[in-house]
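**Q** Taken in order, these protein sequences are the chains called H and W. Take the first sequence: its position 130, counting from 1, is numbered 130 in my numbering, and each next residue is one higher. In short: position in the second sequence from 1, add 1000, done, that's my numbering.
Just so you know, the hints here were simulated from the structure itself, not pulled from any lab data. Where hints are given, some of them may not hold.
[Claimed, not checked] Straight line, CA to CA, 25 Å or less: simulated SDA-like cross-link-like pairs of lysine to any residue: (1) H:Lys114 with W:Leu1025; (2) H:Lys124 with H:Gln135; (3) H:Lys114 with H:Ile170; (4) H:Lys124 with H:Ala101; (5) H:Lys114 with W:Gly1031; (6) H:Lys114 with W:Ser1032; (7) H:Lys114 with H:Ile155; (8) H:Lys114 with W:Val1053; (9) H:Lys114 with W:Val1075; (10) H:Lys114 with W:Ala1028; (11) H:Lys114 with H:Leu40; (12) H:Lys114 with W:Trp1080; (13) H:Lys114 with H:Arg173; (14) H:Lys114 with H:Gly129; (15) H:Lys114 with H:Leu134; (16) H:Lys114 with W:Leu1046; (17) H:Lys114 with H:Gly144; (18) H:Lys114 with H:Gly151; (19) H:Lys114 with W:Gly1026; (20) H:Lys114 with H:Leu50; (21) H:Lys114 with W:Tyr1034; (22) H:Lys124 with H:Ala154; (23) H:Lys114 with W:Leu1024; (24) H:Lys114 with H:Leu176; (25) H:Lys114 with H:Gly125; (26) H:Lys124 with H:Phe113; (27) H:Lys114 with H:Arg93; (28) H:Lys124 with W:Leu1030; (29) H:Lys114 with W:Val1027; (30) H:Lys114 with W:Leu1030; (31) H:Lys114 with W:Thr1042; (32) H:Lys114 with H:Ala45; (33) H:Lys124 with W:Tyr1034; (34) H:Lys114 with W:Pro1036.
[What the hints assert, rightly or not] Below, a sample of chain H positions facing chain W; criterion: calculated Cβ distance under 10 Å: (35) Leu71; (36) Thr95; (37) Ile97; (38) Leu184.
Just so you know, even glycine gets a beta-carbon here, dropped at the ideal spot from N, CA and C.
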Amino acid sequence: MSDAATALREPWPDLDRQREGVAVGIWLFIASEVLFFGALLLGYAVYRALSPEAFRIAGAETEVFYGSVNLLLLLTSSVTMTIAVDASRHGMRRTVIACLALTMLLGAAFLMFKGFEYSADIAKGLLPGAHFPLQPPQTQLFWGLYWVMTGVHAIHLAIGIAIVGALAVILWRRLLPLESPAILGVATYWHFVDTVWIILFPLLYLVDRS
Amino acid sequence: MSSSQLRPMHIWLRPIAVWVALVLLGVASLGSAYLPLNAFNTPLNLAIAGIMVILLWLFLMDLIGSDALIRLIAVAGLVWLSFMFALTFSDYFSRACEDQPGRPAAFCVDQTINRGAF
């Protein structure tokens, strides 16, 4: 049985229709995720409009170096993921697995730098609470949103790393054919996680730098 | 020749070209944040982020080569998001100063002409 025939699942008549079904499903999921992160962005927008000076003071304290390095890492990981998808369509198994492994490593590097950043933030006492070092009190709104937004994003990324790793192992052990649309679904999710960071970067790291 | 024997270079070219564009835009965003543009810094940074997302969605998530149905679903999430922002901000923009959260009464004394918060 060919790889394409193995990849085909009920009830799809052919692989193109199955691929389309996977794309519809993952994009519907992403539309729901847009609204999930959108609620956090809306909260940020409202509070920043109400307390612009507090957000200016609070935003100047974020670690722009770590934020920028992480942007570069995620942009690069999106490229390796895209190459993995394209390579899978051309039957380039080793390239697919290598690119998936590289994507996973870049994601792990993101989390490592995020850990360094969180450590620096905590050392500066930037956890909202009784002894928060910045004034006025509304600066805590910025930092509350910072922890929630970056934390939820990191959870999404960690899930993405696990899924990409599992997919790489499954493909390596030939439990799934390269033609499987599952690779497309995983890649689309990964790109969305990258999208979120592209939006968060200017909102959290580029406030009041001039 | 089977598909597995093909080694097309174009699978590398487009993603790398998009990566170069994304990195340049990221550097432009970071650099512009240090320019004294005052109120225009954030809109510029967000505009650059918007262009980056469009590039990513069109070329790396392959919306440009997708069916109309997929594009419709992708845009639908953004449309509902715009409704959420529009409805919420129409409420905040139209509230009297005294009804705004975080506004002390003293702040609102001189706000009798412009009753909106912003």
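**Q** Now, for every hint given, state plainly whether the structure supports it.
**A** Against the structure, the hints come out as follows:
no., hint, result
1, H:Lys114 with W:Leu1025, "22 Å, holds"
2, H:Lys124 with H:Gln135, "14 Å, holds"
3, H:Lys114 with H:Ile170, "28 Å, violated"
4, H:Lys124 with H:Ala101, "35 Å, violated"
5, H:Lys114 with W:Gly1031, "22 Å, holds"
6, H:Lys114 with W:Ser1032, "24 Å, holds"
7, H:Lys114 with H:Ile155, "12 Å, holds"
8, H:Lys114 with W:Val1053, "22 Å, holds"
9, H:Lys114 with W:Val1075, "31 Å, violated"
10, H:Lys114 with W:Ala1028, "22 Å, holds"
11, H:Lys114 with H:Leu40, "19 Å, holds"
12, H:Lys114 with W:Trp1080, "31 Å, violated"
13, H:Lys114 with H:Arg173, "32 Å, violated"
14, H:Lys114 with H:Gly129, "22 Å, holds"
15, H:Lys114 with H:Leu134, "22 Å, holds"
16, H:Lys114 with W:Leu1046, "22 Å, holds"
17, H:Lys114 with H:Gly144, "16 Å, holds"
18, H:Lys114 with H:Gly151, "9 Å, holds"
19, H:Lys114 with W:Gly1026, "18 Å, holds"
20, H:Lys114 with H:Leu50, "29 Å, violated"
21, H:Lys114 with W:Tyr1034, "23 Å, holds"
22, H:Lys124 with H:Ala154, "21 Å, holds"
23, H:Lys114 with W:Leu1024, "22 Å, holds"
24, H:Lys114 with H:Leu176, "33 Å, violated"
25, H:Lys114 with H:Gly125, "16 Å, holds"
26, H:Lys124 with H:Phe113, "17 Å, holds"
27, H:Lys114 with H:Arg93, "32 Å, violated"
28, H:Lys124 with W:Leu1030, "23 Å, holds"
29, H:Lys114 with W:Val1027, "20 Å, holds"
30, H:Lys114 with W:Leu1030, "18 Å, holds"
31, H:Lys114 with W:Thr1042, "23 Å, holds"
32, H:Lys114 with H:Ala45, "24 Å, holds"
33, H:Lys124 with W:Tyr1034, "23 Å, holds"
34, H:Lys114 with W:Pro1036, "28 Å, violated"
35, Leu71, "5 Å, holds"
36, Thr95, "8 Å, holds"
37, Ile97, "14 Å, violated"
38, Leu184, "8 Å, holds"
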